[in-house]
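Q: Chain order of the listed sequences is X and U. The first sequence runs 9 to 140 under my numbering. The second sequence runs 82 to 731 under my numbering.
Hints may be right or wrong, so weigh each one.
[To be verified] What the simulated footprint calls covered on chain X by chain U, stretch by stretch (three residues with Cβ under 8 Å from a Cβ of chain U suffice, anywhere in the stretch; the number is not a length):
{"id": "1", "segment": "82 to 88"}
{"id": "2", "segment": "122 to 131"}
[Claimed, not checked] Now the stretches of chain X that chain U is said to cover, found in silico as 3 or more residues with beta-carbon under 8 Å:
{"id": "3", "segment": "16 to 22"}
{"id": "4", "segment": "36 to 47"}
{"id": "5", "segment": "60 to 66"}
Derived from the structure by calculation, the hints contain no laboratory data. Note that beta-carbon positions come from the ideal geometry of N, C-alpha and C, so glycine has one too.
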Amino acid sequence: MKINEKYSFKDFTKQSLAHVPVDELNDTEIVGSCFYHEELDKEVFPKGMTGVHFRRCNLDNVVIPAGNTVETTGWEACTTKRVLVQEDKQDWILDKDNKPVEPIDKKGFLAKGWSIDPKDIAARAAEIKGVN
Amino acid sequence: MAFAAGTHWEYNTSASNVNGGGFDVGNANMPTDLAATTATGNAPVLTSASYNFVASDVGHWVFIKSGTNWTPGWYKIASVADNAATVDATIGAAVSYSTTAPIAPNTAAGCATTASPTSGTWAMDYSQSDAVKQAYTDLVIDAGTNTIITSAAQRAFTVADVGNILNVTAGTNFTVQRIQIVSVAAGAATCDKAVGTTSATGGTAGFGGALALPTDAIYELNVAGNHNWYKNGTYTLTESITGATNGTTANPIRMFGYKTIRGDVPTGTDRPLIAAAAYNFQFDTAALILKNLQVTITSAAGFYISSVSSSIWNCKSTNSSSTASRYGLRGGGTIIFSEGIAINGYGIGNARGTINCYGHDSLVAIYNAAGTGANSLIVNSIGAFSGTGVLLSSGANCYVVNNTLFGCTTQYGSGISGSTSTGNIITGNIICGFATGINWSNAYNDHVIDYNNIYNCATPRTNVLAGPHDIALDPAFTSVGNTGSDLCTNGADWTAADGSTPPTGWAVVTAGTFTITGSGQAGNYLKIAHNGTNNNPEISFSFATTVGKSYCITYYAQKGDATNATAKIGTTSGGAEIGYTTTHTDTDWNTQKVVSFEATATTSYVSIGATTSTSGKYVMFDTVTIYEQGEDFTPGSNNKLTIDWTKMGC
Chain X
9 MKINEKYSFK
19 DFTKQSLAHV
29 PVDELNDTEI
39 VGSCFYHEEL
49 DKEVFPKGMT
59 GVHFRRCNLD
69 NVVIPAGNTV
79 ETTGWEACTT
89 KRVLVQEDKQ
99 DWILDKDNKP
109 VEPIDKKGFL
119 AKGWSIDPKD
129 IAARAAEIKG
139 VN
Chain U
82 MAFAAGTHWE
92 YNTSASNVNG
102 GGFDVGNANM
112 PTDLAATTAT
122 GNAPVLTSAS
132 YNFVASDVGH
142 WVFIKSGTNW
152 TPGWYKIASV
162 ADNAATVDAT
172 IGAAVSYSTT
182 APIAPNTAAG
192 CATTASPTSG
202 TWAMDYSQSD
212 AVKQAYTDLV
222 IDAGTNTIIT
232 SAAQRAFTVA
242 DVGNILNVTA
252 GTNFTVQRIQ
262 IVSVAAGAAT
272 CDKAVGTTSA
282 TGGTAGFGGA
292 LALPTDAIYE
302 LNVAGNHNWY
312 KNGTYTLTES
322 ITGATNGTTA
332 NPIRMFGYKT
342 IRGDVPTGTD
352 RPLIAAAAYN
362 FQFDTAALIL
372 KNLQVTITSA
382 AGFYISSVSS
392 SIWNCKSTNS
402 SSTASRYGLR
412 GGGTIIFSEG
422 IAINGYGIGN
432 ARGTINCYGH
442 DSLVAIYNAA
452 GTGANSLIVN
462 SIGAFSGTGV
472 LLSSGANCYV
482 VNNTLFGCTT
492 QYGSGISGST
502 STGNIITGNI
512 ICGFATGINW
522 SNAYNDHVID
532 YNNIYNCATP
542 RTNVLAGPHD
552 IALDPAFTSV
562 GNTGSDLCTN
572 GADWTAADGS
582 TPPTGWAVVT
592 AGTFTITGSG
602 QAGNYLKIAH
612 NGTNNNPEIS
622 FSFATTVGKS
632 YCITYYAQKG
642 DATNATAKIG
652 TTSGGAEIGY
662 TTTHTDTDWN
672 TQKVVSFEAT
682 ATTSYVSIGA
692 TTSTSGKYVM
702 FDTVTIYEQG
712 EDFTPGSNNK
722 LTIDWTKMGC
């Protein structure tokens with residue numbers, strides 16, 4: 009599949025491509041671009057976009073329209089998590105019911121001795137209250 | 082076994098993480114038989130008695146480590162003929178190497194100081210290309226020693242391969258890992274670690290080639306002394322990198338960006354960009370140097386170095402998170418010649434030294450908190466277009482010297498602010514365009530505050546004393562603050578607003594009732610009301626922006642009888658992609674609202690509206706202005722802060 013030079017290796021963090029004509033996107037491969045939004049389930053791609061294959065992209069919190077595909081294995085797998093800041097001011101990965109599962113920086117949490125159990129979010133939030 | 086201290090890792094977005102990715106310049110088993118002709122010219126011809134250069138070496142780099150009259154460095158092979166390689170040694174095309182000086186593009190042509198040097202110590206560096214030198218599928222582990230491998234048929238290892246890395250990806254009884262070739266004899270490579278089980282066959286590995294995507298696991302392959310080179314491009318992270326591997330003061334770990342050749346010094350968008358999004362790019366490690374890189378991020382901190390022995394040079398971080406108190410650049414060490422933005426937090430924060438930096442378009446441009454801020458330096462930096470130029474919080478004994486702090490043309494926020502912070506030295510600063518110049522919430526006055534120029538600040542000082550040599554002169558910046566004309570063409574007259582019709586130039590985001598009414602902040606104001614059908618009525622105004630430029634939006638808002646008035650800055654109509662939704666509950670026109678931002682798109686939007694679900698309830702807006710911000714902070718000659726020593730009793 010032809011690599012889409014215009015939309016590959018670009019940073020579209022918190023931006024919308026909804027205005028982009030679909031013929032600039034359809035049936036191409038987008039590699040290494042970031043489409044992340046802070047809000048959950050953000051629709052950033054134009055209606056009617058089909059046949060796009062995403063590789064090595066950040067699609068966290070982004071709705072991937074039906075008819076498009078995502079690399080899911082190997083080092084070029086895209087990230088398609090649902091991520092939201094919780095009460096403890098940290099980014100957590102959510103399940104489909106929007107419940108926190110684990111911190112996105114699990115390694116950092118463990119290194120600091122912080123609990124990675126979502127049950128402890130409220131306690132951690134109380135602990136850091138008022139601390140920058 | 083860890084990799085060698087002399088390992089240089091290479092990143093290039095066009096490459097692959099299946100590749101080997103690195104090369105050890107410190108390898109002790111390099112051949113010592115390199116010879117050259119025309120070695121002082123632009124195109125030296127290299128030969129080796131122990132290795133015949135081949136056509137597939139073209140585009141790879143010869144590394145000359147040492148030798149009498151040789152000029153150590155990397156030289157790219159331009160062509161191969163008769164077993165000899167012609168390399169490109171023109172000025173700026175090769176990379177000089179030294180253990181005692183920075184690695185940089187060569188400044189003299191040639192690879193030696195004599196025309197025909199001999200006995201050079203050298204190897205091939207296959208790690209700087211997009212593709213592998215060889216994709217092996219036939220590796221064999223020696224029957225007696227599990228660190229020795231051969232290729233059954235595809236490509237025998239050569240003496241020129243030493244120092245390069247293989248990425249073993251598959252094979253029965255092979256360990257999936259990266260291994261480094263230590264030495265080569267008779268086509269067999271001795272590696273730095275056990276490759277698997279003796280006599281195993283059919284191993285798959287990528288030999289040579291650069292990496293494409295930084296990952297946490299690859300970062301943790303570093304040891305003290307390693308270099309990580311990032312060629313210009315956008316690297317979109319797909320996981321957090323939370324580095325835990327330390328460098329040492331003598332042998333730091335380096336992460337350097339470059340534009341076209343290692344050691345060049347890119348600026349602006351020529352610097353490689355790490356698009357980190359919600360992932361971390363932080364290093365709780367000692368002795369790490371980040372240089373010539375950019376990051377966009379929303380997690381807690383952009384480039385984050387926690388150790389006093391680490392530093393950030395010539396980097397830029399933009400943290401666009403709507404979550405409060407996040408950082409652009411955050412460091413326990415020194416941040417120098419760098420730029421930080423955190424739309425709802427601290428542009429640059431908690432560094433031991435903030436030197437020649439630019440924090441802007443943040444809630445706080447430059448910040449030092451308690452503890453980490455003690456005895457820190459904020460010197461020769463600019464803090465601009467932010468609610469606070471420098472915030473010292475409760476840290477102590479900070480040196481805030483020779484900085485330029487600018488709020489906005491119509492005065493906004495505080496130039497330097499503190500709470501319980503004490504014992505600070507604040508001198509030689511230009512503080513301009515703030516509601517308050519120097520503002521302490523507690524009456525701690527045991528600071529040294531003098532020789533500051535506090536100009537165009539409604540209240541020069543709160544809870545601090547004026548210095549005897551303070552001045553209040555127009556710094557006459559070359560171009561700072563509002564420039565050009567107001568980009569909001571109908572933010573005061575509100576022409577044509579009537580019923581469901583928004584003011585001319587504004588677009589409806591959510592339908593409402595729009596009315597021009599008298600007694601605004603200046604003349605008429607705009608009332609935005611619930612129309613009986615749609616909750617939260619909202620309109621937006623689009624304006625052309627230049628990516629990377631700063632803009633300042635000012636307006637007045639009252640909540641009327643709605644829950645609150647809202648304002649957003651975004652890249653879409655009604656969007657808050659740049660920053661976050663601000664809400665206002667004012668009941669008068671007394672306080673001007675100010676929002677500054679750096680544009681990320683060629684069209685930006687300001688959206689204003691009401692939070693209400695009740696028919697007829699309304700909010701009020703007036704005097705919306707949008708100006709591009711001049712960012713040339715060079716002061717005019719009348720801005721004299723020269724110390725008069727006679728008045729100091731000297």
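Q: A separate judgement is required for each hint: does it hold in the structure or not?
A: Evaluation of the provided hints:
For the segment 82 to 88 of chain X, the stated coverage by chain U is satisfied: 5 residues place a CB nearer than 8 Å to a CB of that chain, which reaches the threshold of 3. Counting residues of the segment 122 to 131 of chain X whose CB lies closer than 8 Å to any CB of chain U gives 0, which falls below the minimum of 3, so the coverage claim is violated. Counting residues of the segment 16 to 22 of chain X whose C-beta lies closer than 8 Å to any C-beta of chain U gives 5; at least three are required, and the coverage claim holds. For the segment 36 to 47 of chain X, the stated coverage by chain U is satisfied: 6 residues place a CB nearer than 8 Å to a CB of that chain, which reaches the threshold of 3.
Counting residues of the segment 60 to 66 of chain X whose CB lies closer than 8 Å to any CB of chain U gives 3, so the stated coverage by that chain holds, three being the minimum.
Comparing the model with each earlier hint shows a violation of hint 2 alone; every other hint is respected.
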